[in-house]
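Trainee: Residue numbers (the working numbering), protein chains in the order written: chain B, 1 to 110; chain H, 111 to 687.
Simulated from the structure, these hints should not be mistaken for lab results.
Note that the structure is predicted; figures quoted are calculated from it, not measured.
Treat the hints loosely; a few may be bogus.
Not close to chain B: a few residues of chain H, all C-beta gaps over 12 Å, as computed [said to hold, decoys possible]:
{"id": "1", "residue": "221"}
{"id": "2", "residue": "322"}
{"id": "3", "residue": "331"}
{"id": "4", "residue": "350"}
{"id": "5", "residue": "371"}
{"id": "6", "residue": "385"}
{"id": "7", "residue": "392"}
{"id": "8", "residue": "393"}
{"id": "9", "residue": "402"}
{"id": "10", "residue": "447"}
{"id": "11", "residue": "568"}
Just a few of them, taken from the derived set where beta-carbon distance is under 10 Å, the chain B residues facing chain H [what the hints assert, rightly or not]:
{"id": "12", "residue": "20"}
{"id": "13", "residue": "37"}
{"id": "14", "residue": "42"}
{"id": "15", "residue": "48"}
{"id": "16", "residue": "66"}
{"id": "17", "residue": "83"}
Rough simulated footprint, nothing fancy, chain B against chain H, three-plus residues with beta-carbon under 8 Å [said to hold, decoys possible]:
{"id": "18", "segment": "201-211"}
{"id": "19", "segment": "458-466"}
Glycine is no exception: its CB is placed at the ideal position from the N, C-alpha and C atoms.
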Amino acid sequence: MSTTSERSTRTIYEQVQESPEFTQLRSRLRRFVFPMSAAFLIWYLAYVLMASYLPGFMATKVFGNINVGLLIGLMQFVTTFAITTIYVRYADKHLDPAAERIRKHIEGGA
Amino acid sequence: METPALIALIAIALVGVVSAVIGSLGVRVARSTSDFLVASRTVGPVANASAISGEYLSAASFLGIAGIILKEGADALWYPVAFVAGYLALLLFVAAPLRRSGAYTVPDFAEARLHSPALRRVSTAFVLVIGWLYLLPQLQGAGLALTTMTGLPAWSGVAAAGAVVLLTVVGGGMRSITFVQAFQYWVKLMAIAVPAVIVLGLFSFSSSSFDRPNAPQFVNDTTISVRTDAVVQVVEPVQFRAYGIIDGRGVDGFVRWEAGEHTALKGTSMQFSRGAPVPVVVGAPPTDREWLEPMTGESSTQLLEIYSILLAGFLGTMGLPHVLVRFYTNADGRAARWSTVIVLAMIGFFYILITLVGALSRLYAPQLLVTGNTDAAVLLVPTGAFPNGWLGWTLGGLISAGAAAAFLSTSSGLVVSLAGVLFTDILRGKLKDFRLAAVIATAVPLGMALGVSRLDFALTVPLVFAVAAATFCPLLVLGIWWRGLTAPGAVAGVLVGGILSGISTGITMFARPPDNLLGVLLERPAAVAVPLAFLTMIIVSKLTKAQIPDGVDGALLRLHAPERLGLSHDRLDPRRP
Numbered sequence: 001m002s003t004t005s006e007r008s009t010r011t012i013y014e015q016v017q018e019s020p021e022f023t024q025l026r027s028r029l030r031r032f033v034f035p036m037s038a039a040f041l042i043w044y045l046a047y048v049l050m051a052s053y054l055p056g057f058m059a060t061k062v063f064g065n066i067n068v069g070l071l072i073g074l075m076q077f078v079t080t081f082a083i084t085t086i087y088v089r090y091a092d093k094h095l096d097p098a099a100e101r102i103r104k105h106i107e108g109g110a
Numbered sequence: 111m112e113t114p115a116l117i118a119l120i121a122i123a124l125v126g127v128v129s130a131v132i133g134s135l136g137v138r139v140a141r142s143t144s145d146f147l148v149a150s151r152t153v154g155p156v157a158n159a160s161a162i163s164g165e166y167l168s169a170a171s172f173l174g175i176a177g178i179i180l181k182e183g184a185d186a187l188w189y190p191v192a193f194v195a196g197y198l199a200l201l202l203f204v205a206a207p208l209r210r211s212g213a214y215t216v217p218d219f220a221e222a223r224l225h226s227p228a229l230r231r232v233s234t235a236f237v238l239v240i241g242w243l244y245l246l247p248q249l250q251g252a253g254l255a256l257t258t259m260t261g262l263p264a265w266s267g268v269a270a271a272g273a274v275v276l277l278t279v280v281g282g283g284m285r286s287i288t289f290v291q292a293f294q295y296w297v298k299l300m301a302i303a304v305p306a307v308i309v310l311g312l313f314s315f316s317s318s319s320f321d322r323p324n325a326p327q328f329v330n331d332t333t334i335s336v337r338t339d340a341v342v343q344v345v346e347p348v349q350f351r352a353y354g355i356i357d358g359r360g361v362d363g364f365v366r367w368e369a370g371e372h373t374a375l376k377g378t379s380m381q382f383s384r385g386a387p388v389p390v391v392v393g394a395p396p397t398d399r400e401w402l403e404p405m406t407g408e409s410s411t412q413l414l415e416i417y418s419i420l421l422a423g424f425l426g427t428m429g430l431p432h433v434l435v436r437f438y439t440n441a442d443g444r445a446a447r448w449s450t451v452i453v454l455a456m457i458g459f460f461y462i463l464i465t466l467v468g469a470l471s472r473l474y475a476p477q478l479l480v481t482g483n484t485d486a487a488v489l490l491v492p493t494g495a496f497p498n499g500w501l502g503w504t505l506g507g508l509i510s511a512g513a514a515a516a517f518l519s520t521s522s523g524l525v526v527s528l529a530g531v532l533f534t535d536i537l538r539g540k541l542k543d544f545r546l547a548a549v550i551a552t553a554v555p556l557g558m559a560l561g562v563s564r565l566d567f568a569l570t571v572p573l574v575f576a577v578a579a580a581t582f583c584p585l586l587v588l589g590i591w592w593r594g595l596t597a598p599g600a601v602a603g604v605l606v607g608g609i610l611s612g613i614s615t616g617i618t619m620f621a622r623p624p625d626n627l628l629g630v631l632l633e634r635p636a637a638v639a640v641p642l643a644f645l646t647m648i649i650v651s652k653l654t655k656a657q658i659p660d661g662v663d664g665a666l667l668r669l670h671a672p673e674r675l676g677l678s679h680d681r682l683d684p685r686r687p
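All chains, full assembly: derive it from the sequences and hints.
Mentor: Dropping the structure here:
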């Protein structure tokens with residue numbers, strides 16, 4: 001790689017780094033990932049807490065051999081899958097187009 | 111050898127042979143990043159997701175989950191949940207950025223992000239520690255399956271599993287390993303789904319219910335040999351024949367146990383008749399109703415223990431070497447995200463089935479509750495439900511095949527990653543042959559598996575996850591998301607987390623931790639080790655601000671900007687011969 005192209009690469013990094021599009025992309029990602037993880041962790045840890053401190057509620061029968069605790073336990077699988085799907089859709093819908101705009105910005109500016 | 115044992119042996123051997131054959135169809139040996147690249151271009155998304163799932167669902171998942179459900183019931187649901195949730199954490203924090211970084215192992219990532227040879231060496235050491243620690247229960251699981259199903263000695267199962275793993279890894283490249291593991295996923299799924307549906311059918315046509323205040327009942331006449339001293343709880347009086355030491359007295363004849371706690375010492379043999387109530391090992395819920403109700407107990411140490419396991423599962427998955435490496439076989443970050451969704455559906459479905467079989471084992475394999483060594487539960491369900499008949503034998507063979515697929519897939523994935531690290535980092539220049547690295551990667555845990563006595567999966571697996579969570583999780587998460595991370599900070603954090611969790615792993619493996627808060631933390635170190643590792647990494651990085659690498663903005667941009675910008679690049683290993 002020649003010195004010239006190295007210099008120009010660095011310029012691209014700086015350009016992108018400072019561009020509002022990139023800041024927006026990063027903040028969009030963070031705004032989604034961190035609250036979603038927090039919500040999931042709370043739901044996940046609350047299950048154990050409920051089992052410890054609300055055993056009566058968790059043992060409430062729903063039908064047959066199934067009680068509230070078992071249903072909430074199974075719901076954990078469902079929510080994990082749901083969050084994953086939501087994230088992937090969010091990334092496809094909001095993150096990738098934002099990245100596309102950055103690309104156009106770079107190409108336009110170059 | 112009796113018919114059911116023979117069927118199981120043939121089924122296990124068949125999975126081993128087919129895996130070795132599929133593996134040997136590949137030509138090149140997976141020795142470098144470019145082989146993963148080849149795999150990413152030629153392996154379709156479903157095959158790739160099957161391979162990821164096949165590799166992830168280990169012997170611990172196949173055997174261990176059902177065992178702990180049999181013993182702990184509803185309280186054990188958070189176990190499979192933790193294993194599934196670990197994938198979510200991997201997806202949210204690590205998958206796409208890591209794919210973009212071009213690094214496919216933690217040492218590669220560490221070097222690309224922080225340019226520190228010291229950090230690379232430390233990460234390499236922990237890849238080996240985690241990989242070998244995780245191979246240990248896999249190989250021992252093979253021994254357990256073989257002993258349970260065929261009566262052959264455990265060492266023969268351990269040795270055979272080691273040999274087949276080595277053959278598949280040495281014989282084929284990453285591409286063929288991918289197909290081997292995809293094949294093994296479907297074997298595992300079938301091996302669990304078919305018996306689950308048939309036994310569930312039997313259960314729903316019987317009048318059995320779990321919602322009763324009684325102990326589980328022996329489903330057939332059963333003889334139990336006590337291998338380690340057992341303390342059990344009896345809720346309704348039970349009579350049985352015994353030979354050995356019961357409640358401190360030598361016995362040869364009929365014994366009647368009233369409600370309360372009783373003991374049977376090592377070497378005792380007990381014969382229960384069909385329909386007798388099962389005495390349950392102390393510490394597990396003794397009646398079906400208590401077993402059905404989530405009740406983790408009021409004591410604060412129990413809550414700490416569970417939180418610790420959950421934390422280890424949630425944050426440890428991303429640090430397992432064979433899991434991480436798999437994301438490189440995706441074409442780009444977007445494909446990495448989507449394959450995670452398919453993987454979650456695949457492993458989630460498997461975990462629900464295995465939980466169901468675990469619950470059914472309370473009816474059809476309750477004899478394991480006497481000793482509390484319940485890891486064989488899933489293997490014994492078919493013959494418990496259909497004793498003395500081809501249906502039970504065939505289903506037993508199917509489940510044995512699934513167990514074989516489970517320990518083979520995870521082990522071969524681990525050996526591939528470990529051999530890669532050994533080849534490029536530790537033995538650079540000393541070894542011309544990748545195959546020798548694979549032999550070393552297998553031999554070390556094989557020796558350990560033969561030398562160390564087997565502990566319950568419920569104990570060993572969360573420990574490995576805890577080491578991974580306390581070392582690589584902080585390194586990856588902070589490395590990807592925090593600009594301020596420095597090499598000294600990363601080294602300090604990995605060492606603090608690794609040494610803490612490593613010490614507790616060593617103590618748990620070779621001694622019995624005390625029955626108090628310290629003991630709980632030794633067995634379940636994640637709750638302390640993970641936060642401390644994060645904290646150390648952040649504090650030391652803040653103190654060594656001057657050492658934030660120069661190109662940090664470019665590096666972070668590469669991690670977070672999509673591939674199409676052309677800023678990320680696939681690393682081709684220059685050391686490749």
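Trainee: Output the numbers, in ascending order, of every earlier hint that fails for this structure.
Mentor: Hints 2, 9, 10, 12 and 14 not satisfied by this model.
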